[in-house]
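S.K.: Please build the complex by placing chain B on the supplied structure of chain A, with the hints as guidance.
Each chain, written out:
Number of protein chains: 2
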Amino acid sequence: MPKTSMRRPKFWRDSFFGAATTMTTKSSIATFLDDLASERPTPGGGGAAAVCGAIGAALVSMVAKLTIGKKNYEAVWEDLEIVNTEAEALRAELTRAIEEDVVAFNSVMGAYALPRATDEEKAKRTAAIQGALKDATLAPLRAVKACFGVIRLSASVAEKGNLNVISDAGVAVLAANAGLRSAALNVFINAKAIKDRDFAEKQIAEVNALTAQAADMAESVYQAVRTKIGS
Amino acid sequence: MPKTSMRRPKFWRDSFFGAATTMTTKSSIATFLDDLASERPTPGGGGAAAVCGAIGAALVSMVAKLTIGKKNYEAVWEDLEIVNTEAEALRAELTRAIEEDVVAFNSVMGAYALPRATDEEKAKRTAAIQGALKDATLAPLRAVKACFGVIRLSASVAEKGNLNVISDAGVAVLAANAGLRSAALNVFINAKAIKDRDFAEKQIAEVNALTAQAADMAESVYQAVRTKIGS
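Protein chains in written order, with this note's numbering: chain A, 3 to 233; chain B, 3 to 233.
Same shape as in the complex, but just chain A:
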């Protein structure tokens, strides 16, 4: 979720002067950065996490494409076709996640804005908030999983990819792991406010397991790339 601890929604209700109204992915890089730096609630850390993951996926594709069809790499062409197809799918998913973060944020804010004059309204509002918080936990969780997928693919391109562009496999894994850990923060912060603790703890445990595995994989890919470039 962008720029908010869902624990303190009042903060945003008081200073909520407009989430992004246009599609973030259609913004220029410069405008996206300006919007990110602004006081507006979206895009925020959740969108930034998805962008990092998508950058990783894009670089996996690039290394794969620059290996397929190249001499001396015939043995891995087929493997890297599969890697590229998977990376394109993950990039599409992470690009969607940039927008989903905005939607999830707006949905939580919308729920908090519901009337609460009567007991019935209060109950309805609480249910809506809790539902929106679950969605807002599952959205970054999907981003965590997609980034994890990108890290796996980075390992493949770091191992099999064209040596001329092997440093880009290293950049891919770093960006994807930053995306994963950033999305993880958004899972934690939203899960915190969920009353259904079984649900919340399940998501948190999954994220913790993926984060730990990802850290090891990312470090090993980065070191493998450094060895290949002789640094």
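Hints were generated in silico from the structure; no laboratory data involved.
These numbers were taken from a predicted model, which means no experiment stands behind them.
Idealized CB from N, CA, C, for every residue including glycine.
No incorrect hints appear here.
One-sided and incomplete, this derived list gives chain A residues near chain B with beta-carbon spacing under 7 Å:
{"hint": "1", "residue": "Lys28"}
{"hint": "2", "residue": "Ala32"}
{"hint": "3", "residue": "Lys67"}
{"hint": "4", "residue": "Asp170"}
{"hint": "5", "residue": "Leu176"}
{"hint": "6", "residue": "Ile231"}
M.R.: Frame of chain A; chain B shown alone:
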């Protein structure tokens, strides 16, 4: 440098079907990702590194702005004004670095394309290549330093920033550190091909020192943020 080991420039001379002709920072996020994933040499890992660093700087600014003027944070308003000003400067620098990466790449490719029929031409070409490689090493080194600055500022906002947006301080440090380590790979790869080993080793040593320091700082900021959000 994007998508290349300068050690193997022939790779790019053979498959050089056009670097980015438009300003990368004016591309939409979606187009930037498409270009990154393409077989074109730019944008590549160097540009991606700078984008990650700029995302970190933008999020530092955001957290600072959402703390300044807010009740209960009066004691840090002034500090965070300074942090914000520095973050804006680093973001501008890293945004420029996205384009500088393209320029540096084109300059190296241009040098390799110089004629080499006579001994005089050969000598001229070698000197041009070596000069371009030095520039192509210093460009990502500047990005490394700028990302290091962003990590420092992330520590400030993680410590002093508004708790409602503290997770974004965590995203900031992760993005900046991914940018730093990614830019470092580009320093290593270009420094490798430089004949002036004193120059090259000096840059490599500086990057190694900054990378090690950054890793410790980034981990400690990330853990501080996790503690604050209670995860």
